[in-house]
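*Asks:* The residues making up each chain are set out below.
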Amino acid sequence: MARSKTGKTGLIFFPAFDWAISPTHPEREERLLYTRDQIFEEGLMDLPQIEEYKPRLAEMKDVARVHFCVPDVEAQVTEAHLIAAGSTLTLADAMEKGEIRNGFALVRPPGHHSMRVVHGNRGFCNVNNMAIMVEYLRTKYGHKRIAIVDTDVHHGDGSQDIFWHDPNVLFISFHQDGRTLYPGSGFTNEMGGPQALARTLNVPLPPGTTDEGIHYVLDELVLPILKDFQPDLVLNSAGQDNHYTDPLANMRFSAQGYALLNEKLSPDLCVLEGGYAIESALPYVNTGIIQAMAGLDYSHVREPDFVPGRFVQSQEMTREIEGTVQHLQEIWEERDALVEGALAELGDFYRRRKRIFYDTDMINESQEEAVRICPDCAGYMTIASSAQRGYGILNSAYCVSLPRGACSSCREDAREEYEEHVGDRKFGYVYLQDKDRDTFRSFNNMTRTQKNY
Amino acid sequence: MLVGIDVGGTTTDAVIVEGGRVLKTAYVPTDHENLMNCMLRALDDLVKGIDTSRIERVVLSTTIITNMIAEGKTDPVALLLIPGPGANPKDYSLGENVWVLDGAIDFRGRETEGLKEDRVVEVASGLAAKGFRKIAIVGKFGQRNHAHELKAGEIVSGALPGAEVELGHRVSGQLNFPRRAATTALTVATKEQYRRFTDHMAKALKERGIRAPVYILKADGGTLPLDKSVEMPVETIFSGPAASIMGVMALSPAGQTSVIIDIGGTTTDLALILSGKPLLASKGAKVGDLLTHVRAFAVRSLAIGGDSAVRIADGHLAVGPHRVGPALCMGGPGATPTDAMRVLGMTKIGDEAKAEEAMRGVASILGTTPRDAAQKVIETVVDRIVSEIRAMFHEWEQEPAYRIWEIMKKEKLQAQNVVGVGGGAPPLVPLVAEKMGARAIVPEHAPVANAIGAAVARPTMTLNLHIDTERDEYIVAEEGLVGKVGDRKMTPEKAEQLARKLLLERAAHLGIIDYADEAQVTYSEVFNMVRGWSTAGRLLDVRMEIPAGILPEWRA
Numbered sequence: 001m002a003r004s005k006t007g008k009t010g011l012i013f014f015p016a017f018d019w020a021i022s023p024t025h026p027e028r029e030e031r032l033l034y035t036r037d038q039i040f041e042e043g044l045m046d047l048p049q050i051e052e053y054k055p056r057l058a059e060m061k062d063v064a065r066v067h068f069c070v071p072d073v074e075a076q077v078t079e080a081h082l083i084a085a086g087s088t089l090t091l092a093d094a095m096e097k098g099e100i101r102n103g104f105a106l107v108r109p110p111g112h113h114s115m116r117v118v119h120g121n122r123g124f125c126n127v128n129n130m131a132i133m134v135e136y137l138r139t140k141y142g143h144k145r146i147a148i149v150d151t152d153v154h155h156g157d158g159s160q161d162i163f164w165h166d167p168n169v170l171f172i173s174f175h176q177d178g179r180t181l182y183p184g185s186g187f188t189n190e191m192g193g194p195q196a197l198a199r200t201l202n203v204p205l206p207p208g209t210t211d212e213g214i215h216y217v218l219d220e221l222v223l224p225i226l227k228d229f230q231p232d233l234v235l236n237s238a239g240q241d242n243h244y245t246d247p248l249a250n251m252r253f254s255a256q257g258y259a260l261l262n263e264k265l266s267p268d269l270c271v272l273e274g275g276y277a278i279e280s281a282l283p284y285v286n287t288g289i290i291q292a293m294a295g296l297d298y299s300h301v302r303e304p305d306f307v308p309g310r311f312v313q314s315q316e317m318t319r320e321i322e323g324t325v326q327h328l329q330e331i332w333e334e335r336d337a338l339v340e341g342a343l344a345e346l347g348d349f350y351r352r353r354k355r356i357f358y359d360t361d362m363i364n365e366s367q368e369e370a371v372r373i374c375p376d377c378a379g380y381m382t383i384a385s386s387a388q389r390g391y392g393i394l395n396s397a398y399c400v401s402l403p404r405g406a407c408s409s410c411r412e413d414a415r416e417e418y419e420e421h422v423g424d425r426k427f428g429y430v431y432l433q434d435k436d437r438d439t440f441r442s443f444n445n446m447t448r449t450q451k452n453y
Numbered sequence: 001m002l003v004g005i006d007v008g009g010t011t012t013d014a015v016i017v018e019g020g021r022v023l024k025t026a027y028v029p030t031d032h033e034n035l036m037n038c039m040l041r042a043l044d045d046l047v048k049g050i051d052t053s054r055i056e057r058v059v060l061s062t063t064i065i066t067n068m069i070a071e072g073k074t075d076p077v078a079l080l081l082i083p084g085p086g087a088n089p090k091d092y093s094l095g096e097n098v099w100v101l102d103g104a105i106d107f108r109g110r111e112t113e114g115l116k117e118d119r120v121v122e123v124a125s126g127l128a129a130k131g132f133r134k135i136a137i138v139g140k141f142g143q144r145n146h147a148h149e150l151k152a153g154e155i156v157s158g159a160l161p162g163a164e165v166e167l168g169h170r171v172s173g174q175l176n177f178p179r180r181a182a183t184t185a186l187t188v189a190t191k192e193q194y195r196r197f198t199d200h201m202a203k204a205l206k207e208r209g210i211r212a213p214v215y216i217l218k219a220d221g222g223t224l225p226l227d228k229s230v231e232m233p234v235e236t237i238f239s240g241p242a243a244s245i246m247g248v249m250a251l252s253p254a255g256q257t258s259v260i261i262d263i264g265g266t267t268t269d270l271a272l273i274l275s276g277k278p279l280l281a282s283k284g285a286k287v288g289d290l291l292t293h294v295r296a297f298a299v300r301s302l303a304i305g306g307d308s309a310v311r312i313a314d315g316h317l318a319v320g321p322h323r324v325g326p327a328l329c330m331g332g333p334g335a336t337p338t339d340a341m342r343v344l345g346m347t348k349i350g351d352e353a354k355a356e357e358a359m360r361g362v363a364s365i366l367g368t369t370p371r372d373a374a375q376k377v378i379e380t381v382v383d384r385i386v387s388e389i390r391a392m393f394h395e396w397e398q399e400p401a402y403r404i405w406e407i408m409k410k411e412k413l414q415a416q417n418v419v420g421v422g423g424g425a426p427p428l429v430p431l432v433a434e435k436m437g438a439r440a441i442v443p444e445h446a447p448v449a450n451a452i453g454a455a456v457a458r459p460t461m462t463l464n465l466h467i468d469t470e471r472d473e474y475i476v477a478e479e480g481l482v483g484k485v486g487d488r489k490m491t492p493e494k495a496e497q498l499a500r501k502l503l504l505e506r507a508a509h510l511g512i513i514d515y516a517d518e519a520q521v522t523y524s525e526v527f528n529m530v531r532g533w534s535t536a537g538r539l540l541d542v543r544m545e546i547p548a549g550i551l552p553e554w555r556a
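Respectively, the protein sequence lines represent chains A and B. For the first sequence, the working numbering gives the first residue as 1, with consecutive numbering after it. For the second sequence, the working numbering gives the first residue as 1, with consecutive numbering after it.
Bound conformation, chain A alone (with noise of 0.2 Å):
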């Protein structure tokens, strides 16, 4: 990670003071009004280390890059949506242009529940920002690692599934444990496809958990394997809701916390995910990212009922958190002889199969997920989904992915998948998302009509 790092911080504010999934939802018009007020009022945007951007909208094709969205990207996709994933896409040009060294995008909604498949609203998301922002990143840009690390209190589980068999992609997410908040994954068992194992790490931590003990897994398993790792890119799921307020989450990280953390890590770009204490948290932890982003003076940051030592962390939970580290270091060590362990012991595909339930549109998916083991590309995958809401039958989809660099057979091979699949009344929908020639369709059985992005 020898970046240099000098230039200005990129910041796009985009609070769509317009746009809530419901009047009383968390993710509401009000919840990053007193962040305006406060980043306004501090004059952050005048400063000349920062430099503010308008946001643009992303391209229906920047959604298709990362998920497929049944029936179609339109139907799942408000321009809130566009708008917020364009923001990190204009951020990512902006840095990949050398205009800045690092960039904030401080926007909602919110994307880090949002799996591959789309079917509706889950975790408050309906498209992954992060992903699309990663996979734009690849495909103009050529980045090969990229390592992401999710400090929203909330398992990152869209990201996880998203990047769950690709070993260029790292992903760290720590979260309050899945035992006792949504969405109920993220356990250090979950590492990752049979090619990709410990590309994924899970730190669950307990309830409670202080700066001391988030500061700990900072510095004790982040930074030693992003050193180990050397990605290209560091990005940060900037989630604020471990902070001692949050009225969803039940943590106690503070806003100078936050911006240690963020110091530390140093991301290249950071894009918000949640975060809902929004007057007692939100314009102060913001406040404090920002600064260490564009390394300024965060130490004057503060909540208002914050005393230094408030939160002092138990025994036993440093052990616990301690314990959880260690574990997850082992199977760090160990990560080529786990793939190798693996991928020994399956034939030519690898397959799973899953449950999603959506909390906030209460649909049900089930899918069978396979992905061939190839010796001479990271194999294409199939996803056979269908979705239920209550008694009825949403939708179902088949969808093919080819991977970036995909070898002749797998091509070959995902193109009959998909044409195998048009005119099947099984599925309503089949999709071929081409990862390697950037072109992605979909086949509506019903209507019999193609659609290209």
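Honestly, the hints are just simulated from the structure, not real lab data. Glycine included, each C-beta is placed from N, C-alpha and C at the ideal position. There's no promise every hint is true.
[Claimed, not checked] Calculated pairs, DSS-like style, for lysine-lysine (alpha carbon to alpha carbon, straight line, at most 30 Å):
1. 283(B) - 494(B)
2. 90(B) - 264(A)
3. 140(A) - 451(A)
4. 144(A) - 54(A)
5. 451(A) - 409(B)
6. 8(A) - 412(B)
7. 61(A) - 435(A)
8. 54(A) - 412(B)
9. 412(B) - 61(A)
10. 54(A) - 277(B)
11. 412(B) - 97(A)
12. 277(B) - 228(B)
[As the list claims (entries may be wrong)] Covered stretches of chain A (in silico footprint by chain B; criterion: 3 or more residues with CB under 8 Å from a CB of chain B, positions within the stretch not fixed):
13. 17-26
14. 283-297
[Said to hold, decoys possible] Residues from chain A that face chain B, not an exhaustive set, calculated with beta carbons under 7 Å:
15. 33
16. 42
17. 83
Since chain A is already given, all that's left is putting chain B on it; use the hints.
*Replies:* Just chain B now, with coordinates in the frame of chain A:
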């Protein structure tokens, strides 16, 4: 009869306007050492033989504050900040004389830390010892709750009898603490000298038997009665560009999108009128090194003009940014765009043979004819201006927006007109317009456009109303006004009604009540505050403005 006087860099111009016509003009060379005197001389020339009792209004556009700041002649100010938590005040470039007080107000206007009065007393006695007589006190979120500023002001006034104390919330109700601090400091730094100017001016006009109301032109193209302008002297900065933009508004088709080009000797100023509305600097003017809250038109200056030096660097033609002297054809030392224009017959000023000689020098290095060299010089100038205009439109398009509809609706605008003012404009404007695909306009009265702008500009004013129904409070910071709302579910319509009522009061105080009908709501937002799963109150913000405009007497 409307009188306008504009102090420019080289001349001070004066006009009398009546019934949509320019009746008379006068000008004198600007004496930067005595602006007052040269304004009066221009006025005396103007009204010679005119019945002064027929004058209905006099508007002055003066560089007095601009010069005071540029020349460092403002009074020393002690800036007392109450920053609370957040940025380190040292990260703002607010100068050396800054003292930090303890206390904090949050974004909702709640006190989160009491003001430490001992500390204020200690700072005040230090200021007394150092001899400070002008004090600015500015608190973060002081516009949402000014209790700390008031208390600190009281203590400081007590410790420094007779000192001038300016409080941040009275200067601006908008978000941006460092800008508010800078604007407040500049206000108190210029107030006394400015008051001296207005007193003298009022007296001098009285001596001349002019009893018409006297106004001063502000940076936002609006006028303000001279006696009221002492409350906000900094707003009179940059009145020159404001006057020229108002002049163009008066002299070009209404409601269209125009680029205004003011080509001078060494600089060219650009401004935009978008669909009939002059574009304002989005957050406020930059005054010297300081970012302020002063509402001002967005003006872009480029260092290129009729007298810019023409050079050849590495085989490439370059014009500006320096001026070595006048054009060769005017007796100067070297080639300039003016010489090029003379050679091409675009102007009749200066000596033709000298101009030819200037271009021959350039041509010999470029290996071409003098005429071709002149063409290249003009092309270079025009290209620079056009690319700056495009950059200005682009910057406007790229202004951040925080709502979906703002991002979706922002249209692309094309310039319909390119309007030239200033000495260098007439020959170059058609070329710029051609490149932009727009119509070239050089108004008949272009040389005195600024003075006309001053003469016909109408008053402007702004009112910022903030309402927090959960706290049952409304605030107009600049007025120091706090009231009770008594309606937890206040609608935006009700809030706008309240804003209109308060605007009428403020307009009456400022002596511009006749124009209050022109007031528009330029910004209105409402947020439901949801706590738990129910609505606890509403936050509303309304901004009402009497925008820049032309007096109806002119259009009539």
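*Asks:* Given the hint that residue 451(A) pairs with residue 409(B), test it: the Cα-Cα distance must not exceed 30 Å.
*Replies:* holds, 27 Å
*Asks:* Under 7 Å, Cβ to Cβ, is where residue 33(A) needs to be relative to chain B, so tell me if that hint holds or is violated.
*Replies:* holds, 5 Å
*Asks:* Holds or violated: residue 54(A) with residue 277(B), Cα cutoff 30 Å?
*Replies:* holds, 22 Å
*Asks:* Regarding the pair residue 90(B) and residue 264(A), is the alpha-carbon distance no greater than 30 Å?
*Replies:* Cα-Cα ~23 Å, so holds.
*Asks:* Given the hinted pair residue 140(A) and residue 451(A), is their alpha-carbon gap at most 30 Å?
*Replies:* holds, 23 Å
*Asks:* When the nearest CB of chain B is found for residue 83(A), is that gap smaller than 7 Å?
*Replies:* holds, 6 Å
*Asks:* For the pair we were handed, residue 412(B) and residue 61(A), check the Cα-Cα distance against 30 Å.
*Replies:* holds, 24 Å
*Asks:* Is the interface hint satisfied for residue 42(A)? The criterion is a beta-carbon contact with chain B at less than 7 Å.
*Replies:* holds, 5 Å
*Asks:* For the pair we were handed, residue 277(B) and residue 228(B), check the Cα-Cα distance against 30 Å.
*Replies:* holds, 26 Å
*Asks:* The stretch 17-26 of chain A covered by chain B? Criterion: 3 or more residues, Cβ-Cβ distance below 8 Å.
*Replies:* Three-residue rule met by the stretch 17-26 of chain A, so holds; n is 5.
*Asks:* Taken at face value, is the distance from the CA of residue 97(A) to the CA of residue 412(B) at most 30 Å?
*Replies:* Between residue 412(B) and residue 97(A) the Cα gap is close to 24 Å, so the pair holds against 30 Å.
*Asks:* At least three residues with a C-beta closer than 8 Å to a C-beta of chain B: is that true for the stretch 283-297 of chain A?
*Replies:* holds (count 6)
Checked against the numbered hints listed earlier, the structure breaks none of them; every hint is satisfied.
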